Amino acid sequence: MLNDIQAKLLAGAFDTLLGQSQDGSIAFVRCFDQEIIHGLCLSTAFKLKQWKCYGVVDEADTNNRLITADMAVEIREDKKAAALLLVDVNTAGAGMDGIYNAGREIPEKILFEESSKEAQKNIPHGWKEFVKTAVKKARRLGGHSTISPFLEFDYYSSCNSTEAINTSLIKLGLWPIAFDTKPDIKDLDTSVLLVERLFLQSRSSMTAESQIDALMLQQPTTQQKQDLVKITRKSTELTLKESVDELYFYPHLWVNAIYPFPSDTLQRIEVVPWQGKTNKPLAWSGLIYDEGEERLQFILDPDATGKNQSKLEVRWNGRPDTLAKGAVEYAVAIVSGEEELAEKNVTHTGKTPQKCLFTIDDFDLDEGAKFEALVRIRAISEHTGA
Numbered sequence: 000m001l002n003d004i005q006a007k008l009l010a011g012a013f014d015t016l017l018g019q020s021q022d023g024s025i026a027f028v029r030c031f032d033q034e035i036i037h038g039l040c041l042s043t044a045f046k047l048k049q050w051k052c053y054g055v056v057d058e059a060d061t062n063n064r065l066i067t068a069d070m071a072v073e074i075r076e077d078k079k080a081a082a083l084l085l086v087d088v089n090t091a092g093a094g095m096d097g098i099y100n101a102g103r104e105i106p107e108k109i110l111f112e113e114s115s116k117e118a119q120k121n122i123p124h125g126w127k128e129f130v131k132t133a134v135k136k137a138r139r140l141g142g143h144s145t146i147s148p149f150l151e152f153d154y155y156s157s158c159n160s161t162e163a164i165n166t167s168l169i170k171l172g173l174w175p176i177a178f179d180t181k182p183d184i185k186d187l188d189t190s191v192l193l194v195e196r197l198f199l200q201s202r203s204s205m206t207a208e209s210q211i212d213a214l215m216l217q218q219p220t221t222q223q224k225q226d227l228v229k230i231t232r233k234s235t236e237l238t239l240k241e242s243v244d245e246l247y248f249y250p251h252l253w254v255n256a257i258y259p260f261p262s263d264t265l266q267r268i269e270v271v272p273w274q275g276k277t278n279k280p281l282a283w284s285g286l287i288y289d290e291g292e293e294r295l296q297f298i299l300d301p302d303a304t305g306k307n308q309s310k311l312e313v314r315w316n317g318r319p320d321t322l323a324k325g326a327v328e329y330a331v332a333i334v335s336g337e338e339e340l341a342e343k344n345v346t347h348t349g350k351t352p353q354k355c356l357f358t359i360d361d362f363d364l365d366e367g368a369k370f371e372a373l374v375r376i377r378a379i380s381e382h383t384g385a
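In numbering that gives the first Met the number 0, the protein residues as written are 0 to 385.
Bear in mind the hints are in silico, worked out from the structure with no lab data behind them.
Fair warning: there could be bad hints in the mix.
To be verified - As a list, the in silico BS3-like pairs of lysine-lysine whose alpha-carbon atoms are at most 27 angstroms apart: (1) Lys79 - Lys120; (2) Lys369 - Lys310; (3) Lys240 - Lys127; (4) Lys310 - Lys343; (5) Lys185 - Lys7; (6) Lys324 - Lys276; (7) Lys46 - Lys108; (8) Lys240 - Lys135; (9) Lys131 - Lys7; (10) Lys279 - Lys135.
Keep in mind the model is a prediction, meaning the values are calculated, not measured.
Please construct the entire structure, taking both the sequences and the accompanying hints into account.
Structure, rendered in structure tokens:
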């Protein structure tokens, strides 16, 4: 069920997208379920400036702006005040084809993108970068895009106070973070890593106790270790969302209440060059040299398979050489300007060099897109990097 804040934000988004009304104009959306449609039509906060709004469902309730498909057709044929129809495709029934053909549909993606823009205006000062970066991290959680347009809007609309932001991360499937007064974007790397280690890899051969030991927690309490083991075991019987939702009740396990992945012994990161003595790209890099442009290129070919599949390998060394296995967690990202095109987390192997491989599946780019990009490597919760 949507709250009044979300209803008001959606109304503002519709006002922006629909624009000036004209008699007889019909617009519609088909992305809401019956519960949301009922909630919006009953909400006094959901009020458009120039358009009348109706929910198209199986049973009419005209006092609450709910109508049937037959009544929607009559509104269209009367050609009076401009109307927005919130159609429940599961219960509206037949008779809507004429409206679908003649009316203007507001696509789900466009609606919630505009709604998210409205919601971002309410984010507390100084927190917008953190809140937006959390969405970018969540989209790549476990190497897959997991954030729907509605979920993104639901998250942004919840981040209207500093107190709400830490638990709002749970909506994105991220480990909650305990804040002091200032957001630290690096905490998001730790949040992602905890979810991936304990909930997405929990069906590995490691015991729950071994998984917690691998976090290398700094001075944990007995209660913290016991509860981490408990929720890790329980996660094998739950979905990712259910597992993360459980964390709401364990604030003593949130990031900054626990301190995993110590990397304070790392002194520097040394990137291994892609080019050899002749300046040609080394075979392992996955790059080619464009003589015309005199630069290295990484081409993402969706049709390539097997050994010919597009891949980009990044190598580096963590110093000193004596760093133990698991002592450092690295965040490796492909960036273009301020846009992060792909990112992966890598655990220090204890061997030289460290490696990270990117394939076409790690990128979400439009066909034909072209970027001038660079690689950024940094240690999570560490200030050194390259």
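Hint check:
1. A distance of roughly 34 angstroms separates the Cα atoms of Lys79 and Lys120; the hinted pair therefore is violated under the 27 angstroms criterion.
2. For the suggested pair Lys369 and Lys310, the alpha carbons sit about 16 angstroms apart, so the restraint of at most 27 angstroms is met.
3. Distance restraint check for Lys240 and Lys127: the Cα-Cα separation of roughly 24 angstroms lies within the 27 angstroms cut-off, and the hinted pair is therefore satisfied.
4. Among the hinted pairs, Lys310 with Lys343 is consistent with the structure: their alpha-carbon atoms are about 14 angstroms apart, no more than 27 angstroms.
5. Taking the CA atoms of Lys185 and Lys7, the gap is about 33 angstroms. The hint is violated against a cut of 27 angstroms.
6. For the suggested pair Lys324 and Lys276, the alpha carbons sit about 31 angstroms apart, so the restraint of at most 27 angstroms is broken.
7. Of the supplied pair hints, the one linking Lys46 and Lys108 holds, its CA atoms being roughly 21 angstroms apart against a limit of 27 angstroms.
8. Among the hinted pairs, Lys240 with Lys135 is consistent with the structure: their alpha-carbon atoms are about 17 angstroms apart, no more than 27 angstroms.
9. Restraint check for Lys131 and Lys7: the C-alpha separation of about 21 angstroms stays at or below 27 angstroms, so the hint holds.
10. Distance check on the hinted pair: Lys279 and Lys135 sit about 34 angstroms apart at the alpha-carbon level, beyond 27 angstroms; violated.
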